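A.B. asks: What follows is each chain in one-letter form.
There are 2 protein chains.
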Amino acid sequence: MLKQNWILILILLPFLEFSQNDSLFIRKIYDECLEKGHSYEDLRSLCKEIGPRLSGSPQAQMSVFWSEEKMNSYGFDKVYKQEIKVPVWKRGNKETAWIKKEKEWIPLHILALGGSVSTNGLLSGELVIFQNLDELKKANPKNVEGKIVFLNQTFDQKDINTFKAYGGCYSIRGEGAIEGAKKGAKGVLIRSLASGIDTHPHTGSMHYDDNVKKIPAAAVSTSDAELLQNIIGKIELFWEMDCFSGEEVTSYNVIAEITGTKLPNEIITFGGHLDSWDVGEGAHDDGAGVIHCLEALRVLKALNYKPQHTLRVVFFMNEENGNKGGLGYAEWVKNKGEKHIFALESDRGGFTPKGFSCDGNFNLIKEKINLYSLYKPYEVYEFEKGYGGVDINPLKKMYPDILLFGFVPDSQRYFDFHHAESDVFEAVNKRELELGCAAITSFIYLLDNL
Amino acid sequence: MLKQNWILILILLPFLEFSQNDSLFIRKIYDECLEKGHSYEDLRSLCKEIGPRLSGSPQAQMSVFWSEEKMNSYGFDKVYKQEIKVPVWKRGNKETAWIKKEKEWIPLHILALGGSVSTNGLLSGELVIFQNLDELKKANPKNVEGKIVFLNQTFDQKDINTFKAYGGCYSIRGEGAIEGAKKGAKGVLIRSLASGIDTHPHTGSMHYDDNVKKIPAAAVSTSDAELLQNIIGKIELFWEMDCFSGEEVTSYNVIAEITGTKLPNEIITFGGHLDSWDVGEGAHDDGAGVIHCLEALRVLKALNYKPQHTLRVVFFMNEENGNKGGLGYAEWVKNKGEKHIFALESDRGGFTPKGFSCDGNFNLIKEKINLYSLYKPYEVYEFEKGYGGVDINPLKKMYPDILLFGFVPDSQRYFDFHHAESDVFEAVNKRELELGCAAITSFIYLLDNL
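Which chain is which? The protein sequence lines are A and B, in order.
Oh and the first sequence: position 426 is 426 in the numbering used here, straight run, nothing missing.
Oh and the second sequence: position 128 is 128 in the numbering used here, straight run, nothing missing.
Hints listed in this document are in silico derivations from the structure and should not be mistaken for laboratory results.
Fair warning: this is a prediction, and the values are worked out from it, not measured in the lab.
Treat the hints loosely; a few may be bogus.
Since the list gives no way to pick out one identical chain from another, each pair is judged satisfied if it fits inside one copy or across any two copies.
As the list claims (entries may be wrong) - With a straight-line cut-off of 27 Å between C-alpha atoms, the simulated BS3-like cross-links for lysine-lysine are:
(1) K158 - K36
(2) K301 - K368
(3) K385 - K164
(4) K142 - K214
(5) K28 - K158
Hey, can you work out the whole structure from these sequences and the hints?
C.D. replies: Structure (structure tokens):
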């Protein structure tokens, strides 16, 4: 019996040692992020000194300069940019809208959806309410023609993961203007895609169809949606938006690398998107994501870690309204003949980490690393199949064997801030952000050591 | 092979059915909490209409009325109060302090510690800084005599669970005034027990020793602590506090029950504490806790659940500065000859649920219920040995076999708000609070069905 135990120990020894080294290094990563972290101050600087960063805006351009300088200050092996073309859409004068209820004028909290056409002056019309897109699709055009559609779909509060509730409502924002125009509507308002009831409207991208008239589209706050749905009788809306689209302009993905010592030609990409919507400060979406990944590379360098593969942080441009950064990156690296093995994206906010999702066969990793045990001291426990992210998704087409990972933080507060003026630096908690940095840094370290 | 499978299925069938019933009922609990929950509005009412509720204050007395009325409005089988005596301590005029740095007067953000004596007019003296209580204990009395001690121990940011960091610093607040007085100090300031750096001082209970002089004690904000530790040379402090202690007064634990259908004499107690410190609104500490438990009883009633055991919610009074509610309750129920089998406390804030801790043998539960599997859809995953809570802890002495449980939410933001003016209703997220209610309701349901 004694002999058998010794044999077992001898067999397991290399694995135990490997695992112990990992857990010691992960502890060092967490200590660096929590005690000497740069993430919170870097995010403050990006949010407060640059602000919101819609593709094609001067702020987006400044954020490219900011990123290059910040990356250079950390002394990585390489810092460079990849040129891309991005669409230009501008809000113009701030949008305004009122409803008339009996003799009272009530102003609404409203934001144009990204990409919307203007109202071409003050637009007025009767509001016709639908609870979701299907109701609108089934409506008799006579009841919609010449009116303004209001799509009032609510988040399903029963979904534990708020991204699922968001997915359930997404079509009213994405397709509302197309379906409204098909029925002859003059414009479309949607209830903001948000968990809570408050006065912040939430913008986001929308689509037009070249075969259908382009009508203006905007989101109203959830508190206004509650108001509208409770009004009995006819509602008249008065509405003006001056937004417009311009010609494509040049912009950039911003990239930093530590070169691999053993397999420099095999690349692990991790990043988030540098652009944001033009309200708030893009703090959770996706300031937190780019800062998570920047901090991961900084921490590995600070700990004097020499990666086997090339570790590459990418700040993608234009995730919000075009994904030109993600599409351009995948094409560019494929054309250069680079070999990409893993990619990770952080684009779900700077909240307490829960785990990682894998678009691909997660078991390939879990068979080799006991993620549950290594992450247990850090209260990170979820390693399941799921989406990687919008920016890294195009890599799948170029590299069918690549594993894509998404960083998964707690989702409960995300849709209080998403695409709204409330998404500011103050909405990010320092420890939650730092724990996200540490979880991601550790994951990149583990992938590099597979 | 086929036959063996059938036998296995037949053996497992009752267990599977039981487990399926449980999971269906838990889904109903979550739906009720998330879609038709009362918790958020009840917490708003407690925080905004009553406010902070220090034992012995008029607000604490009003909160007893509020609780009785609210419980009665839900139509529980019994609503009643248990009389206790509570200490009285009052802040008096708001405390003030300045330091003099060269020719500049700098006001400090300061709060008397609960139970402190006054400064007896404007007190001034030289500040002497120690990094922790041990340094003070080892100091030469000559260097402390006639001075004011400043204890500057920082939270250990490396602790993943912030309660551990809090525990590590607790002694400077609890014992600082005793150790300072032993060395002849005129007073003691401490760095607030808080995770972040901001301008909110955090109060909390402190102790005196009857054999040592009682000297005044207060907390300064972490931002002021950073300021003080960076000043080179002598710091002179000017400080006044008018706080005082009064005679004990009558107060109450407030109690609501649904009577058990099968075992009415076996009691499951769950609760939090109704009192709070006298700044902020006691939203996370412990408005969230009492509302969690109130909502649990309401939801079980709303779902027409008939418990086997008697389910009893207790709003304990005086957790913060005396624990007279918890001590009194344990003694009272023992004297009445009641049988108590389980107790659960929520006193760690209204954040996203992580799980439950058990002061006792958790395996007794885990062998009978697959908590991990039942809670997996709700992202609740931690079921480990740990503390129950201050209010229910005295039950252990009375009932050696009782199992005590603590509700464990995410801890990252708790010490931004704990005992500070920032602990207001707005610091609580609606979904996070509701998910806590649902997790606790489900746990009480499972305990009742063991």
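A.B. asks: Please go over all the hints and tell whether each is borne out by the structure.
C.D. replies: Now for the hints, and whether the structure bears them out:
When the C-alpha separation of K158 and K36 is checked against a cutoff of 27 Å, the pair qualifies only between copies, where the shortest distance is 10 Å, while the shortest distance within a copy is 39 Å. Proximity of K301 to K368 under the C-alpha cut-off of 27 Å is restricted to the intra-copy arrangement: shortest distance 25 Å within a copy versus 49 Å between copies. With identical chains, the CA atoms of K385 and K164 are at most 27 Å apart within one copy only, with a shortest distance of 15 Å there and 33 Å across copies. In this assembly of identical chains, the alpha carbons of K142 and K214 lie at most 27 Å apart only when taken from the same copy (19 Å versus 82 Å across copies).
In the homo-oligomer, the alpha carbons of K28 and K158 lie at most 27 Å apart only across protomers (10 Å), although the nearest pairing inside one protomer, at 39 Å, exceeds that limit.
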